[in-house]
Amino acid sequence: MIAELGLAALWLAAALAALQLVSGALGLTERGAVLGGAVRPVAVVQGGLALLAFACLIYVFSVTDLSVKLVALNSHSMKPLVFKIAGAWGNHEGSMLLWVTVMGLGGAFVALVEKRLPERTMLATLAGQAFVSLGFYAFLLLASNPFERLSPVPMEGNGLNPLLQDLGLAFHPPTLYLGYVGLSIAFSFAIGALVTREVGPAFAKAMRPWVLGAWIFLTVGITAGSYWAYYELGWGGWWFWDPVENASLMPWLAATALLHSCGVLAARNALRAWTIMLGVVAFSMSMIGTFLVRSGILTSVHAFAVDPQRGTFILALLAIYIGGALVLFGLRAATVTEGERFAFVSREGALVVNNVMLSAILGIVLFGTLYPLFAEAMGAKVSVGPPYFNPMSALFAVPMLVVLMVGPLLRWRRDKFGRVGRGLVIPAMLVVAGGIGVLVLGGVALLPWIGLALSVGLGWASLLPLKGRNLRRTPLPIWGMVVAHFGIAVALFGMSSESAFSVEKLVAVRMGEVTQVGPWGVKLGTVEPVAGPNWTAMEARLLVRYGIDGKVTRMLPQSRSFWTPPQQTSESALLTRWNGQLYAVLGGEAPKVDGEKQSRWQLRLWWKPFAPLIWIGGLLIALGGLLALLGRVAADVRRIVAKDKIAYRREKQGR
Amino acid sequence: MSDLPAKAPRWAIWLPLALFLGFVALVIVGLYRPADRNVASALVGKSMPQFDLPAALPGRPGLDSKVLANGKPHLVNVFASWCIPCRVEAPQLGALAKAGVPIEGISVRDTTENLQGFLQTNGDPFQRIGADDDGKVQLALGSSGVPETYVVDGKGTIVYQHIGEIRPEHLGLLLEKLKEAGQ
Numbered sequence: 001m002i003a004e005l006g007l008a009a010l011w012l013a014a015a016l017a018a019l020q021l022v023s024g025a026l027g028l029t030e031r032g033a034v035l036g037g038a039v040r041p042v043a044v045v046q047g048g049l050a051l052l053a054f055a056c057l058i059y060v061f062s063v064t065d066l067s068v069k070l071v072a073l074n075s076h077s078m079k080p081l082v083f084k085i086a087g088a089w090g091n092h093e094g095s096m097l098l099w100v101t102v103m104g105l106g107g108a109f110v111a112l113v114e115k116r117l118p119e120r121t122m123l124a125t126l127a128g129q130a131f132v133s134l135g136f137y138a139f140l141l142l143a144s145n146p147f148e149r150l151s152p153v154p155m156e157g158n159g160l161n162p163l164l165q166d167l168g169l170a171f172h173p174p175t176l177y178l179g180y181v182g183l184s185i186a187f188s189f190a191i192g193a194l195v196t197r198e199v200g201p202a203f204a205k206a207m208r209p210w211v212l213g214a215w216i217f218l219t220v221g222i223t224a225g226s227y228w229a230y231y232e233l234g235w236g237g238w239w240f241w242d243p244v245e246n247a248s249l250m251p252w253l254a255a256t257a258l259l260h261s262c263g264v265l266a267a268r269n270a271l272r273a274w275t276i277m278l279g280v281v282a283f284s285m286s287m288i289g290t291f292l293v294r295s296g297i298l299t300s301v302h303a304f305a306v307d308p309q310r311g312t313f314i315l316a317l318l319a320i321y322i323g324g325a326l327v328l329f330g331l332r333a334a335t336v337t338e339g340e341r342f343a344f345v346s347r348e349g350a351l352v353v354n355n356v357m358l359s360a361i362l363g364i365v366l367f368g369t370l371y372p373l374f375a376e377a378m379g380a381k382v383s384v385g386p387p388y389f390n391p392m393s394a395l396f397a398v399p400m401l402v403v404l405m406v407g408p409l410l411r412w413r414r415d416k417f418g419r420v421g422r423g424l425v426i427p428a429m430l431v432v433a434g435g436i437g438v439l440v441l442g443g444v445a446l447l448p449w450i451g452l453a454l455s456v457g458l459g460w461a462s463l464l465p466l467k468g469r470n471l472r473r474t475p476l477p478i479w480g481m482v483v484a485h486f487g488i489a490v491a492l493f494g495m496s497s498e499s500a501f502s503v504e505k506l507v508a509v510r511m512g513e514v515t516q517v518g519p520w521g522v523k524l525g526t527v528e529p530v531a532g533p534n535w536t537a538m539e540a541r542l543l544v545r546y547g548i549d550g551k552v553t554r555m556l557p558q559s560r561s562f563w564t565p566p567q568q569t570s571e572s573a574l575l576t577r578w579n580g581q582l583y584a585v586l587g588g589e590a591p592k593v594d595g596e597k598q599s600r601w602q603l604r605l606w607w608k609p610f611a612p613l614i615w616i617g618g619l620l621i622a623l624g625g626l627l628a629l630l631g632r633v634a635a636d637v638r639r640i641v642a643k644d645k646i647a648y649r650r651e652k653q654g655r
Numbered sequence: 001m002s003d004l005p006a007k008a009p010r011w012a013i014w015l016p017l018a019l020f021l022g023f024v025a026l027v028i029v030g031l032y033r034p035a036d037r038n039v040a041s042a043l044v045g046k047s048m049p050q051f052d053l054p055a056a057l058p059g060r061p062g063l064d065s066k067v068l069a070n071g072k073p074h075l076v077n078v079f080a081s082w083c084i085p086c087r088v089e090a091p092q093l094g095a096l097a098k099a100g101v102p103i104e105g106i107s108v109r110d111t112t113e114n115l116q117g118f119l120q121t122n123g124d125p126f127q128r129i130g131a132d133d134d135g136k137v138q139l140a141l142g143s144s145g146v147p148e149t150y151v152v153d154g155k156g157t158i159v160y161q162h163i164g165e166i167r168p169e170h171l172g173l174l175l176e177k178l179k180e181a182g183q
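Chains Y and U, in that order, give the protein sequences.
Quick note, the first sequence lines up with residues 1 to 655 if you use the UniProt record's numbering.
Quick note, the second sequence lines up with residues 1 to 183 if you use the UniProt record's numbering.
Hint data in this document are derived by calculation from the structure and do not stem from the laboratory.
From a predicted model like this one, the values you see are computed outputs, not experimental measurements.
Beta carbons: idealized from backbone N, C-alpha and C, even for Gly.
One or more hints might be untrue.
Only part of the chain U face toward chain Y is listed, based on derived beta-carbon distances under 10 Å [what the hints assert, rightly or not]:
1) Trp82
2) Ile84
3) Asn114
4) Leu119
Pairs of lysine to any residue, SDA-like flavour, derived with a Cα cap of 25 Å [unchecked claim]:
5) U:Lys136 - Y:Ala508
6) Y:Lys69 - U:Thr111
7) U:Lys136 - Y:Glu589
8) U:Lys136 - Y:Thr29
9) U:Lys136 - Y:Leu619
10) Y:Lys69 - U:Glu169
11) Y:Lys69 - U:Ser65
12) U:Lys136 - Y:Gly323
13) Y:Lys69 - U:Gly172
14) Y:Lys69 - U:Arg109
15) Y:Lys69 - U:Lys179
16) Y:Lys69 - U:Pro168
17) U:Lys136 - Y:Leu623
18) U:Lys46 - U:Gly123
19) U:Lys136 - Y:Pro529
20) Y:Lys69 - U:Gln116
21) U:Lys136 - Y:Trp535
22) Y:Lys69 - U:Gly117
23) U:Lys136 - Y:Val509
24) U:Lys136 - Y:Leu233
25) Y:Lys69 - U:Leu119
26) Y:Lys69 - U:Pro91
27) U:Lys136 - Y:Arg600
28) Y:Lys69 - U:Val88
29) U:Lys136 - Y:Gly587
30) U:Lys98 - U:His162
31) Y:Lys69 - U:Gly94
32) U:Lys46 - U:Pro58
33) U:Lys136 - Y:Thr569
34) U:Lys136 - Y:Gly234
Kindly generate the complete structure, drawing on both the sequences and the hints.
Okay, here's the thing in structure tokens:
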């Protein structure tokens, strides 16, 4: 019954989305104004019903109800409970349901708490949100019903992709989705503003917290995803420029640009049309990314639903929403005037550079991701990888990072470099010193060299906005900016150090044999079989020692075999020290050479100096966003409370 | 110093839409390209790896790669009783068997009991069934999931790989590939 309840809730939610669209649209007209009042409550109930449907799906997965086709295809009674639950969204249908749930909840949340936006823009925004939701409801209900029953009921389920059986990955998609779909709110805001032509500081201030929220989730999601790929795939890398990764990076780049242009619009009433454009682009990138991954049109190591028919459906949705929004933009952008002017050397100017560079990187990533498709249409098969992406994105990232050192110090509207110059002497010296230092070490490629030098100066420069301030009275958004920019320096240092100084070793060793990798001595103890709930594995006991007289520590990498469905995975072992990470992967048994009695095992070892800083930096960036969000929300609450107080006093006096 | 921003030209406003339409056109070409998008096994065009699997069922022959080089085209179906798409494709395999196609089975990580149950419910189109209990042959074939089906010509060379279940609409293509393999 629960599956039917979920399906009913889903249909009802879809119907309410239609109602929300119609009453929102009619509410904008004079004759239908009375309908406008229905929009907010309908949005709230719609969100609640979507959540109910999602809860039903989680329930049927948690009890492994095999009469539901989706459960039978993606779950197994022997799986640990947490992975049964994660199975609910670890597949195409479930993740689409998660998508509409987040969209519905986002709309409900906006309807409940958003007080800044003019009422008409609010109606148009919620109608826009409902319009987008409606397409995805249609997609779910007509093309990929998650609650479809199966007859006859199978004895056992098909399991879950073992690669996905990992805590990191179980919670990575929902986080990323909150970011992806959270951007739908910015999209709807942009639509709302285009419809009512109300673009200005008030609009930017209203939109900013929502963009920030989505951006924080995206940042955390990407960071977590990168760490997952690093330890789970056993390849020792943390970014592969895989289409699926690019699909998450592109909305992040657009959202980062949007966040900064929102700041310009809020503070200075400039970059109006551009901000609206980015609002449209950011969510479009979420949708395009999802489409590329889901349609099977690009091959990827972790694309999971290859189905051209569904691809066609999503493509139609894309054409309607993105195409429609861009047409609306084309028609209305000219009436949204550009707003206040400013000199090139100014805070706005620096933020424009940031926006242009981020957009350029976005273009490069998009082009590289689509290029194989383009080449295939021309009859050639190519793959585009790090040799294209790394230098091309660095070409724009490096100037952007240089501007990042100066930008936060500049004043709005008009400034002189001379004024901020003195403060930048130390960071500039740090860059040069860092550059020379790395050069002395030698053997470092160009990009990591630039990265190392820049990261040191950027780390210092990012703290400069705090100079001369009373730290306890510094507003939270300033703290947020400082922490996020410092996080970029930290992540950059980690990335550059990882690619400059990593040591890799692939060996076949006998038990008791010692291998040296970087400063580590690694001794293979034993290799023994172990059994888990739905897998068996060979587990190696490695005894490792840092330097000559370090403490001996144990590491236990495994080579796992799952049988539902049959698949082999490597469970790498990681040992984290303050100055880096030792990474060990157990391969197979090496073939015996003639006359050999004892078997040898393949081991892959990496010493990655300061690699954890990559993800620590990512989390700092997200933390910066969180601080800024808390600061903005707190200010909003204070403002509303003060307004209520004034209104109350006036009312009293009036009596 | 000049004030920014200069007003964007009118056509620039429509540029994003033009780019997006280009994207849509490209993707439509990609979606409807007739070429199969499956990751083709590196083994197509090469000979079947050597293996000798024990019988999966008592009283029935096991599968040996030499059988596949007996001069006649074969269909080799990798399947398992625990695999749902395998049930979906069973009627199609039955039809092929009825049409006289020799079908050999490789049963992956299965038990005799479950396998017998599966064949009783879904029909038994197989001439021989080899038991690949640890999935080694499956891996050697470059196959990552079940079901998968290979068309092998009379010399033991793999001429075609079909990933996923065989649906009614695939029958024509498979028969054609078998016919080509027989020439």
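* Asked: Going back to the hint list, which numbers does this structure go against?
  -> Going through the list in order, the structure violates hints 4, 8, 9, 11, 12, 13, 15, 17, 18, 32 and respects the others.
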